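**Q** So you can see what is in the structure, the chains are spelled out below.
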Amino acid sequence: MARRKGRNLGLLAVYGGMVFLLASVLFYSSALKHESRLLLAEAPEIVVQRMIAGRHAPVSGEHLRALQGIRGLRGVEGRLWGYHYDPVVRANYTLMVPPAGGVAQGTAILGPALARARGAGPGDVISFRGHDGGLVSFRIAGILPGDTALASADLLLIEETDFRTLFGIPPGEYTDLALRIPNAREVQTVAEKVLERLPDSRAILREEMQRTYDAIFDWRSTLVLLPLSGALLAFAILAWEKASGLSADERREIGILKAVGWETRDVLRMKLWEGGLLSLLAFLFGTVAAYWHVFGLSAPLLAPVLQGWSVLYPDFRLTPAIEGGQLLALFFLTVFPYLVATLVPVWRAAVTDPDEVMR
Amino acid sequence: MNLQIRVVGVRKAFNEDRPNRFWAVNGVDLHLSEGQVTVLAGPSGSGKTTLLTLIGCLARPTEGRVLLHDRVISSLPEPFLAALRRQTFGFVFQRFNLIRGLSLLDNVTVPAYPLGIPRRALRKRALELLASLGLGHRAHARVESLSGGEAQRTALARALINDPPILIADEPTANLDSELSLAFLEILARLRSEGRTLLLSSHDPLVREAAVVDRVIELRDGRVVADQARPGGSAR
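Those sequence lines, one after another, are chains A and B.
According to the working numbering, the first sequence is numbered sequentially starting from 1.
According to the working numbering, the second sequence is numbered sequentially starting from 360.
Treat the hints as calculated values from the structure; they're not laboratory data.
It cannot be assumed that every hint is accurate.
[To be verified] Listed below are several chain A residues computed to face chain B (Cβ distance under 8 angstroms; list not exhaustive):
# : residue
1 : 84
2 : 234
3 : 253
4 : 257
5 : 260
6 : 262
7 : 263
8 : 266
None of these values were measured; they are calculated from a predicted model.
The beta-carbon is built from N, C-alpha and C at its ideal position, and this holds for glycine as well.
Start from the sequences and build out the full structure, keeping to the hints where you can.
**A** Here it is as structure tokens:
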């Protein structure tokens with residue numbers, strides 16, 4: 001292999017780069033799905049939203065009371081959250097009243113990306129234009145930690161009265177209702193009862209949200225992989241090129257080896273070692289580089305596409321979450337075809353009489 | 360004298376099933392004895408090299424048989440042919456066919472790899488062989504840097520690494536000057552004295568008339584046209 005250093009290093013670079021791209025997408029979407037699962041583990045089992053003319057509308061206290069008493073339901077609470085467009089940084093924030101409280105009136109706790117975008121820190125004052133055009137100001141009481149940034153990057157936590165003043169939501173009305181059901185097997189039944197009691201509402205199950213997240217990340221992965229398929233195709237053509245014709249030098253060498261007493265299987269074994277070493281090295285370099293790219297550098301090449309934030313990008317490190325099956329699939333998709341592509345022509349050359357190869 | 364190699368009604372066609380098919384070897388019968396030096400002579404295109412490849416199991420005859428110690432070898436399956444090429448025949452090619460990019464030592468050890476000989480013992484034997492052919496000091500040089508004579512002796516060392524009883528050399532002096540050709544003939548005499556059977560192809564008069572040669576077989580158009588025992592051959 002050292003004799004064809006330039007060619008093999010070039011091949012290693014192209015091959016490793018391809019594995020790197022594929023593994024990066026795989027690792028990143030897998031980690032995002034893992035992250036979303038962790039986030040949703042805290043989420044209520046069912047979220048009830050009122051619909052008017054097919055649009056999401058605030059729910060009233062009557063809706064909340066109507067659900068009380070359903071068997072299997074441990075608790076119902078009204079949630080207050082919404083979006084606010086900030087023309088200063090041209091971004092949407094998610095404003096939310098934390099269910100457990102903890103935010104004093106007139107203060108706000110900011111998500112890390114939002115704090116970065118506004119250049120604001122604890123003690124600063126941040127103002128928004130309310131529903132009536134008036135300015136509503138908050139003193140920043142704190143910044144949320146970075147390790148939850150995927151969910152909290154653009155989050156702004158404020159107190160209930162401030163939220164109602166800012167958005168003009170009257171007391172007793174909520175954005176939606178969060179339902180807690182301890183027994184997972186009762187979730188479906190409770191959802192049916194909710195719909196019976198509140199025909200103008202929809203019940204969103206946590207499992208459905210998880211499926212949606214998974215589908216979104218899968219879809220985004222596909223979006224990234226589609227243009228990459230060009231690169232994959234180029235590599236396949238390169239490998240096939242190698243497969244469909246050995247160089248005259250390689251054919252001559254195989255002829256020499258056969259002439260001096262190597263069997264076809266000896267030649268194949270040697271080429272298998274060469275191809276195996278090259279593809280394993282490429283796989284190793286590609287996956288290690290992808291691991292470092294995704295979990296060390298937070299995937300700067302993929303984040304804009306896969307993460308889904310348009311303006312406020314979360315600055316966070318993903319928890320490494322790699323499935324063995326995925327790695328195995330990647331291994332077979334990259335190493336196996338390469339080995340076949342290199343071994344076929346060698347086999348073809350090695351099964352002919354050595355004098356023919358050398359003519 | 361033991362009869363060692365027998366060629367019976369051998370024909371070899373190239374471009375078979377095509378309009379330009381031709382018979383490179385066209386009905387050859389030969390008996391080659393053990394421990395002799397035999398030269399296949401004849402002009403270019405007479406079928407010398409093709410006959411050598413058929414006897415050395417590098418190719419199969421289209422018709423006829425090649426026998427070694429009364430055992431038909433020309434129709435053996437490939438793994439058996441490879442084993443014969445590895446351990447029974449040593450081959451020195453006209454263009455030497457050394458593997459570029461490798462050292463002399465690596466080239467010489469190549470035929471022994473399938474045998475699984477321990478690396479240290481193999482390298483020792485290869486170094487001894489190279490030293491016996493005057494190439495010990497160049498063992499680690501790349502083959503690209505070799506002169507014609509050095510390349511030929513390296514090819515000879517490679518042919519001898521598995522200690523084959525039969526050595527086949529195709530036009531061994533074609534790329535050598537007279538001095539190097541004579542040196543090669545001296546090496547042949549040494550190999551013959553070790554009891555090896557030597558089969559050469561050559562149209563070099565220096566080889567045909569060398570004292571070490573026992574027999575000259577003249578080929579033309581793929582057929583044997585003369586078969587002479589050399590009265591001065593050292594076999595007698």
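**Q** Against the structure shown, which of the earlier numbered hints fail to hold, in ascending order?
**A** 1, 2
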